[in-house]
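> These are the residues of each chain, in order.
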Amino acid sequence: MGNGTSIGRARGLGSAHEGVHPWLMQRFTAAGNLLLVGFLVVSILMLPSLDYQTVRNWIAEPLPAVAMALLIVSVFWHTRLGLNEMIGDYVHEAGNKMACVLALNLAAFGGAAFGLFCIARMALGGAA
Amino acid sequence: MANRPLSPHLQIWRWGPHMLVSILHRITGDGMALVGLAVLLWWLGALASGPEAYATFAWAATTPIGYIVLVGISWAFFNHMCSGLRHFVMDAGAGMEITTNRKWSVATPLIGILLTAAFWALLLIF
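Keeping their order, the protein sequence lines are chains A and B.
FYI, the numbering for the first sequence is 1 to 128, going by this note's numbering.
FYI, the numbering for the second sequence is 1 to 126, going by this note's numbering.
Treat the hints with caution; some may be incorrect.
Stated by the list, open to error - Here are some chain B residues the structure puts well away from chain A; computed CB gaps all over 12 Å:
| hint | residue |
| --- | --- |
| 1 | 11 |
| 2 | 17 |
| 3 | 26 |
| 4 | 29 |
| 5 | 44 |
| 6 | 46 |
| 7 | 49 |
| 8 | 51 |
| 9 | 55 |
| 10 | 64 |
| 11 | 93 |
| 12 | 106 |
| 13 | 107 |
| 14 | 110 |
Unchecked claim - Pairwise CB distance ranges, derived in the manner of DEER restraints:
| hint | chain 1 | residue 1 | chain 2 | residue 2 | range |
| --- | --- | --- | --- | --- | --- |
| 15 | A | 94 | B | 89 | 44 to 52 Å |
| 16 | B | 126 | A | 28 | 16 to 24 Å |
| 17 | A | 11 | B | 117 | 14 to 22 Å |
These aren't lab readings, by the way, just hints derived from the structure by calculation.
Every residue, glycine too, gets a C-beta built ideally from N, C-alpha and C.
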């Protein structure tokens with residue numbers, strides 16, 4: 001570990017052994033998205049109407065409620081990884097990159113929490 | 001940033017369909033992240049709030065701009081789904097031969113458009 005170039009400092013240390021994790025999670029959540037958004041698309045097509053009461057009754061049932069909750073988790077996780085990759089490619093300055101990743105994480109977790117709260121409220125019989 | 005020469009970028013290479021698929025995958029993914037999720041959360045929030053909030057959402061969704069946004073989101077989803085499936089195949093090491101790769105690169109965005117058209121036809125006709 002000298003004070004040489006960045007490649008000189010990294011050479012010979014081997015891999016970090018964890019770089020593949022986000023890559024794998026991107027694939028796992030992609031498979032989840034395929035199933036769950038597929039479920040949402042088919043449901044939208046098969047519902048007799050998209051008016052308030054029909055959709056509200058549908059999403060309060062156990063299977064759609066669980067599927068929609070899982071959809072929120074899978075989609076927001078996948079989104080967080082994907083936007084992180086975009087930030088990594090286009091935001092070069094270290095401080096700006098940190099700020100963007102921080103904002104992304106707040107938005108992704110906040111958005112997912114809001115979506116899950118809405119579904120829970122409807123499924124567990126809140127204000128109808 | 002060190003002032004080093006950059007690797008050749010888009011303007012250097014001869015265009016091929018695989019480049020379009022790659023760029024569309026990123027545009028549709030980031031587009032759904034920024035616009036699609038906002039609409040999804042608005043829909044869920046309005047649904048959880050009650051009939052009045054849902055009526056506001058339904059009004060906005062059925063304006064001309066609303067339809068453009070919704071068709072755009074559905075196209076982004078189907079396109080991203082098709083290019084994502086192509087990624088799965090290539091992750092497995094398949095479909096790398098030039099002719100096969102070119103064929104599926106052309107097919108991917110076309111299938112995405114067909115699925116979008118089929119979705120809206122089914123939704124609006126039945």
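> Does each hint hold? Answer for all of them.
Results of checking the hints against the structure:
Distance to chain A confirms residue 11 of chain B as a non-interface residue, since its nearest Cβ pair spans about 17 Å, more than 12 Å. Taking the minimum C-beta to C-beta distance to chain A, about 22 Å, the non-interface status of residue 17 of chain B holds against the 12 Å cut. Not every C-beta of chain A lies more than 12 Å from that of residue 26 of chain B, the closest at about 7 Å, which undercuts listing it as non-interface. Not every CB of chain A is more than 12 Å from the CB of residue 29 of chain B (nearest about 5 Å), against its label as outside the interface.
For residue 44 of chain B, the shortest C-beta to C-beta distance to chain A comes to about 4 Å, within the 12 Å cut-off, and the non-interface label is violated. A Cβ of chain A approaches the Cβ of residue 46 of chain B within 12 Å, the least distance being about 9 Å, so the stated non-interface status is violated. Under the 12 Å C-beta cut-off, the non-interface status given to residue 49 of chain B relative to chain A is violated; the minimum distance is some 8 Å. Not every C-beta of chain A lies more than 12 Å from that of residue 51 of chain B, the closest at about 5 Å, which undercuts listing it as non-interface.
Distance check for residue 55 of chain B against chain A: the nearest CB is about 7 Å away, which does not clear 12 Å, and the non-interface claim fails. A cut-off of 12 Å between C-beta atoms confirms that residue 64 of chain B is not in contact with chain A; the least separation is 18 Å. Chain A leaves residue 93 of chain B outside its interface by the beta-carbon criterion, the shortest separation being 14 Å against a cut-off of 12 Å. The beta carbon of residue 106 of chain B sits about 22 Å from the closest Cβ of chain A, which is more than 12 Å, so the claim that it is off the interface holds.
The claim that residue 107 of chain B lies off the interface holds: its Cβ sits roughly 18 Å from the closest Cβ of chain A, which is beyond the 12 Å cut-off. Here residue 110 of chain B stays apart from chain A, with its beta-carbon at least about 19 Å from theirs, past the 12 Å limit. The supplied range of 44 to 52 Å is broken by residue 94 of chain A and residue 89 of chain B, whose beta-carbon atoms lie about 36 Å from each other. For the pair residue 126 of chain B and residue 28 of chain A, the beta carbons lie near 34 Å from each other, so the given range of 16 to 24 Å is not met.
With their beta carbons about 53 Å apart, residue 11 of chain A and residue 117 of chain B fall outside the hinted range of 14 to 22 Å.
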